[in-house]
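On the provided structure of chain F, position chain H as indicated by the hints.
Chain order of the listed sequences is F and H. Following my numbering, the numbering of the first sequence begins with 39 at its first residue and continues without gaps. Following my numbering, the numbering of the second sequence begins with 4 at its first residue and continues without gaps.
It is possible that some hints are incorrect.
Derived pair list, reagent style EDC-like, types lysine to aspartate or glutamate, alpha-carbon separation capped at 16 angstroms [said to hold, decoys possible]:
no.	chain 1	residue 1	chain 2	residue 2
1	F	60	F	105
2	H	103	H	91
3	F	76	H	91
4	H	103	F	96
5	F	56	F	123
6	F	60	F	41
7	F	79	F	41
8	F	74	F	123
9	H	103	F	139
10	F	79	H	91
11	H	52	F	96
12	H	103	F	82
13	F	78	F	122
14	F	74	F	90
15	F	79	F	122
16	H	52	H	67
17	F	78	H	11
18	F	79	H	67
19	F	76	F	62
20	F	78	H	91
21	F	74	F	96
22	F	57	F	105
23	F	56	F	105
24	H	108	H	11
25	F	57	F	123
26	F	76	F	139
27	H	108	F	41
28	F	74	F	122
Chain H stretches covered by chain F per the calculated footprint, using a threshold of three residues with CB under 8 angstroms from any CB of chain F [unchecked claim]:
no.	stretch
29	41-50
30	67-79
These are computed hints drawn from the structure, not numbers from a lab. In this text, a Cβ means the ideal position worked out from N, Cα and C, and glycines have one as well.
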Amino acid sequence: DTEVTQTPKHLVMGMTNKKSLKCEQHMGHRAMYWYKQKAKKPPELMFVYSYEKLSINESVPSRFSPECPNSSLLNLHLHALQPEDSALYLCASSQGDRGREQYFGPGTRLTVT
Amino acid sequence: AQSVTQLDSQVPVFEEAPVELRCNYSSSVSVYLFWYVQYPNQGLQLLLKYLSGSTLVESINGFEAEFNKSQTSFHLRKPSVHISDTAEYFCAVMVGSNYKLTFGKGTLLTVNP
Numbered sequence: 039d040t041e042v043t044q045t046p047k048h049l050v051m052g053m054t055n056k057k058s059l060k061c062e063q064h065m066g067h068r069a070m071y072w073y074k075q076k077a078k079k080p081p082e083l084m085f086v087y088s089y090e091k092l093s094i095n096e097s098v099p100s101r102f103s104p105e106c107p108n109s110s111l112l113n114l115h116l117h118a119l120q121p122e123d124s125a126l127y128l129c130a131s132s133q134g135d136r137g138r139e140q141y142f143g144p145g146t147r148l149t150v151t
Numbered sequence: 004a005q006s007v008t009q010l011d012s013q014v015p016v017f018e019e020a021p022v023e024l025r026c027n028y029s030s031s032v033s034v035y036l037f038w039y040v041q042y043p044n045q046g047l048q049l050l051l052k053y054l055s056g057s058t059l060v061e062s063i064n065g066f067e068a069e070f071n072k073s074q075t076s077f078h079l080r081k082p083s084v085h086i087s088d089t090a091e092y093f094c095a096v097m098v099g100s101n102y103k104l105t106f107g108k109g110t111l112l113t114v115n116p
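Only chain F is shown next, with the shape it has when bound in the complex (with noise of 0.2 angstroms):
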């Protein structure tokens, strides 16, 4: 199993509403990312877990909160959105330590209204 898998695929969203995205990963990586991509720009980072614990977050608002409940489950939770984060959420993993190349889910299309 080589998959990164996302959900939900697409969500849309009020500013007063809390909602979760959700990764997973069964190819036993000890690195999860999450990325913001919006149209027509790379993707850029907003945090990175390694062996289930934070170790970064690129100065992302608090209204976005990580979370790694295992090794294999990587959560945003999403509270009192902006309509300029609405984007394509990615989320990633790695090997770790000895792994380098990344390897992305298919993405979550949020729209903030």
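Here is chain H on its own, set in the frame of chain F:
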């Protein structure tokens, strides 16, 4: 800090023609290099990687890239493209084991019949 330059934002070609997508990077230390492809409304797929060893790397679908340390380049080539190769191509670099991928701005390859 490392940076990646993709010199062409768009490359239109005819089917069965050869193509080269250019990528240059800047880093004062050794790097790991990647090409990712993104089809419309999908996540990123790893196309090629250079970690060490042979400077010429190949993918299963006919793409190849050559790491040129003196020119700090990692250009992507294919001798004969298909309509299905139409996609956005991102070059990316990683320094050491810091988990951070730095992406170029992307090149939209459009293959016309």
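Hints and how they fare:
{"no.": "1", "hint": "60(F) to 105(F)", "verdict": "10 angstroms, holds"}
{"no.": "2", "hint": "103(H) to 91(H)", "verdict": "21 angstroms, violated"}
{"no.": "3", "hint": "76(F) to 91(H)", "verdict": "13 angstroms, holds"}
{"no.": "4", "hint": "103(H) to 96(F)", "verdict": "10 angstroms, holds"}
{"no.": "5", "hint": "56(F) to 123(F)", "verdict": "14 angstroms, holds"}
{"no.": "6", "hint": "60(F) to 41(F)", "verdict": "14 angstroms, holds"}
{"no.": "7", "hint": "79(F) to 41(F)", "verdict": "24 angstroms, violated"}
{"no.": "8", "hint": "74(F) to 123(F)", "verdict": "9 angstroms, holds"}
{"no.": "9", "hint": "103(H) to 139(F)", "verdict": "11 angstroms, holds"}
{"no.": "10", "hint": "79(F) to 91(H)", "verdict": "10 angstroms, holds"}
{"no.": "11", "hint": "52(H) to 96(F)", "verdict": "25 angstroms, violated"}
{"no.": "12", "hint": "103(H) to 82(F)", "verdict": "10 angstroms, holds"}
{"no.": "13", "hint": "78(F) to 122(F)", "verdict": "15 angstroms, holds"}
{"no.": "14", "hint": "74(F) to 90(F)", "verdict": "20 angstroms, violated"}
{"no.": "15", "hint": "79(F) to 122(F)", "verdict": "14 angstroms, holds"}
{"no.": "16", "hint": "52(H) to 67(H)", "verdict": "10 angstroms, holds"}
{"no.": "17", "hint": "78(F) to 11(H)", "verdict": "14 angstroms, holds"}
{"no.": "18", "hint": "79(F) to 67(H)", "verdict": "24 angstroms, violated"}
{"no.": "19", "hint": "76(F) to 62(F)", "verdict": "22 angstroms, violated"}
{"no.": "20", "hint": "78(F) to 91(H)", "verdict": "9 angstroms, holds"}
{"no.": "21", "hint": "74(F) to 96(F)", "verdict": "11 angstroms, holds"}
{"no.": "22", "hint": "57(F) to 105(F)", "verdict": "13 angstroms, holds"}
{"no.": "23", "hint": "56(F) to 105(F)", "verdict": "15 angstroms, holds"}
{"no.": "24", "hint": "108(H) to 11(H)", "verdict": "9 angstroms, holds"}
{"no.": "25", "hint": "57(F) to 123(F)", "verdict": "13 angstroms, holds"}
{"no.": "26", "hint": "76(F) to 139(F)", "verdict": "22 angstroms, violated"}
{"no.": "27", "hint": "108(H) to 41(F)", "verdict": "25 angstroms, violated"}
{"no.": "28", "hint": "74(F) to 122(F)", "verdict": "11 angstroms, holds"}
{"no.": "29", "hint": "41-50", "verdict": "holds (count 6)"}
{"no.": "30", "hint": "67-79", "verdict": "violated (count 0)"}
Hint violations for this structure: numbers 2, 7, 11, 14, 18, 19, 26, 27, 30, all remaining hints satisfied.
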